[in-house]
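Protein sequence lines correspond, in order, to chains A and B. No gaps in the numbering here: position 20 of the first sequence is 20 in this note's numbering, and each next residue is one more. So the number in this note's numbering is just where the residue sits in the second sequence, counting from 1, plus 163.
None of these hints come from the bench; they were simulated from the model. Backbone N, C-alpha and C fix where the C-beta goes; we use that ideal spot for every residue, glycine too. Please note that the accuracy of each hint is not assured.
Claimed, not checked - With beta-carbon atoms standing in for the labels, derived distance ranges:
1) A:L95 to B:T249: 32 to 40 Å
2) B:G220 to A:L150: 21 to 29 Å
3) A:L73 to B:L261: 22 to 30 Å
4) A:G131 to B:I258: 37 to 45 Å
5) A:L109 to B:I228: 19 to 27 Å
6) B:L186 to A:F58: 25 to 33 Å
7) B:L216 to A:V107: 30 to 38 Å
8) A:V74 to B:I228: 23 to 31 Å
9) B:L246 to A:R90: 18 to 26 Å
10) B:N254 to A:M159: 44 to 52 Å
11) A:V151 to B:L216: 31 to 39 Å
12) B:I228 to A:L98: 22 to 30 Å
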Amino acid sequence: MEKLLFIIFAVVAIGSALAVVTFRNPVHSAIALMTCLLQVAALFILMRSPFLAVVQVFIYVGAVMVLFLFVVLVLDIKKAIIQTFPAKSRSVVFLIFLVLAIEVELVVLLSPLKGFAVTEAVGESKVESIGKVLFTKYLFPFEVVSVLLLVAMVGAIIMTKRR
Amino acid sequence: MVPISWYIALSAILFMIGVGGVLLRRNIIIVLMSIELMLNSVNINFVAFSYFLQDLGGQIFSVFIITVTAAEVAIALGILIALVRTRRVLNVDEIDTLKG
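Could you put together the complete structure from these sequences and hints?
See the structure below:
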């Protein structure tokens, strides 16, 4: 049952990821990316981590994708569509990409982790325990990330300000 | 139960699709979306190992990655808006002011 669900989510995720890369219109790509991120959130639930699934839906699908769609709205899409298909071929880049892809997939397929799975029933990781670990063991990274967010916010405001 | 190698394979496939998007597409918005795809596939890896090793560290790192991604997107789209306002380009190949 769980394998069936995994296959459904994985197939939809890979299909929509391919759609992100191949669609000509950036709006369609954004919608496809949204689908892909929702599938990954479902996979997080399959891995018994509902907190991360909720965070994924809130931040990625909610905030980040709305930001993307807003920027696409502000920019000129017609011009973007024309520019996505240059006449010159990029066979060298494609070759490099192909070699890289085959290499990565081989490394994954030949890894010794194959039959390794959780056999006993494992409960969901509670939000409470995540919060406890986050605010004790990982307190310093948490502070660093909050400073980073502040810097990003100030930077984004300054950069988009009309001079 | 789903073996961990399935999750790693899925994450590798999504990562390679993201790499392909960055390398093969020239539209800067789609390049940014491909970077999102790559970061997200790394998250799958972290959560998979967190689940299979029963260690919360992976999930915490995923939260950090999501936070950094949000910051990165805000900055990148800010740069993009400023760029389009001054140069009127969306093609990655044409953005070469720093090339000297």
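Structure-inconsistent hints, enumerated in ascending order: The structure conflicts with hints 7 and 10, although it agrees with all the remaining ones.
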